[in-house]
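Colleague: Turn these sequences into a full structure, and let the hints guide you.
For the sequence shown, the working numbering begins at 67 and goes up steadily by one.
Treat the hints as calculated values from the structure; they're not laboratory data. Be aware that a few hints might be false.
[To be verified] Here are the simulated DSBU-like pairs of lysine-lysine, each with C-alpha atoms no more than 35 Å apart in a straight line: (1) 203 with 288; (2) 330 with 203; (3) 330 with 288; (4) 288 with 241; (5) 241 with 203.
Predicted model only: the values in this text are computed from it and were never measured.
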Amino acid sequence: MPFVTLDGQALHYIDQGTGPAVLLAGSYLWDQTMWAPQIAALSQHYRVIALDLWGHGESGPLPDGTTSLDDIARQALALLDHLDIDRVTFAGLSVGGMWGVRLALSAPQRLNGLVLMDTYVGVEPEPTRQYYFSLFKQIEDTGVISPQLLDIVVPIFFRPGIDPQSALYQDFRSKLAALPPQRLRESIVPMGRITFGRDDVLPRLGELDAANTLVMCGDQDKPRPPSEAREMAGLIGCASVLVPEAGHISNLENPEFVTEALLKFLAERN
Numbered sequence: 067m068p069f070v071t072l073d074g075q076a077l078h079y080i081d082q083g084t085g086p087a088v089l090l091a092g093s094y095l096w097d098q099t100m101w102a103p104q105i106a107a108l109s110q111h112y113r114v115i116a117l118d119l120w121g122h123g124e125s126g127p128l129p130d131g132t133t134s135l136d137d138i139a140r141q142a143l144a145l146l147d148h149l150d151i152d153r154v155t156f157a158g159l160s161v162g163g164m165w166g167v168r169l170a171l172s173a174p175q176r177l178n179g180l181v182l183m184d185t186y187v188g189v190e191p192e193p194t195r196q197y198y199f200s201l202f203k204q205i206e207d208t209g210v211i212s213p214q215l216l217d218i219v220v221p222i223f224f225r226p227g228i229d230p231q232s233a234l235y236q237d238f239r240s241k242l243a244a245l246p247p248q249r250l251r252e253s254i255v256p257m258g259r260i261t262f263g264r265d266d267v268l269p270r271l272g273e274l275d276a277a278n279t280l281v282m283c284g285d286q287d288k289p290r291p292p293s294e295a296r297e298m299a300g301l302i303g304c305a306s307v308l309v310p311e312a313g314h315i316s317n318l319e320n321p322e323f324v325t326e327a328l329l330k331f332l333a334e335r336n
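Modeller: What follows is the structure in structure tokens.
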């Protein structure tokens, strides 16, 4: 499995297929395997790169000095340089979209297109930020995501009607329950604070290339509701699409719809 050392730590990524490059960036608490349905389809026509966020999947711990989403964007550009990829179409879900916008603003010449999924680049509403930070404190203090916390955290990612006994739901819950204390304290909690303590880049959305940007959102996404997607699409001046029967991890709750939308977007730009 390929790794690259960035800021002193090993970042894990997959690199599959040939053709124009696509970079997939996933949600907090998920690794690159969340993109499995899209990787399988897209890699038939494109070179697909998907990375594991620091402390997630096979990646090493959060590097010293990584304190903002701008740092994550800079590290992703370093990955593209390492792979000799000049231009890429970027699709980011949740925190992947948050730092993806920062990548697009800092290096617009590197992007053929930008897909923002179930994400929001304004500041986190203060009550929500305080709530999430209180959860992080519990995890930090105990070194575990307790069953009680799992009952709170896991449902956030899915549409309200999902079967909690489904493989998708149970596999995610099991992965979170198995996270070791050191990884939680060194990487997962700090990465959460970076994510939910982010600064506001809504005022800069007008700088993005509207013709080559798409906003997508699960129609039942609770943490990043469709109203936020509409707000961002309006500020960008770009198209927006609701993913039917989907919550926050819309690409896994309705993979066929999302894959088709991504293939259409890519075909128009490559």
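Colleague: Now tell me, hint by hint, if it's right for this structure.
Modeller: Going down the list of hints, with the structure as the test:
no., hint, in the structure
1, 203 with 288, "holds, 22 Å"
2, 330 with 203, "violated, 42 Å"
3, 330 with 288, "holds, 26 Å"
4, 288 with 241, "holds, 21 Å"
5, 241 with 203, "holds, 20 Å"
Hint violations for this structure: number 2 only, all remaining hints satisfied.
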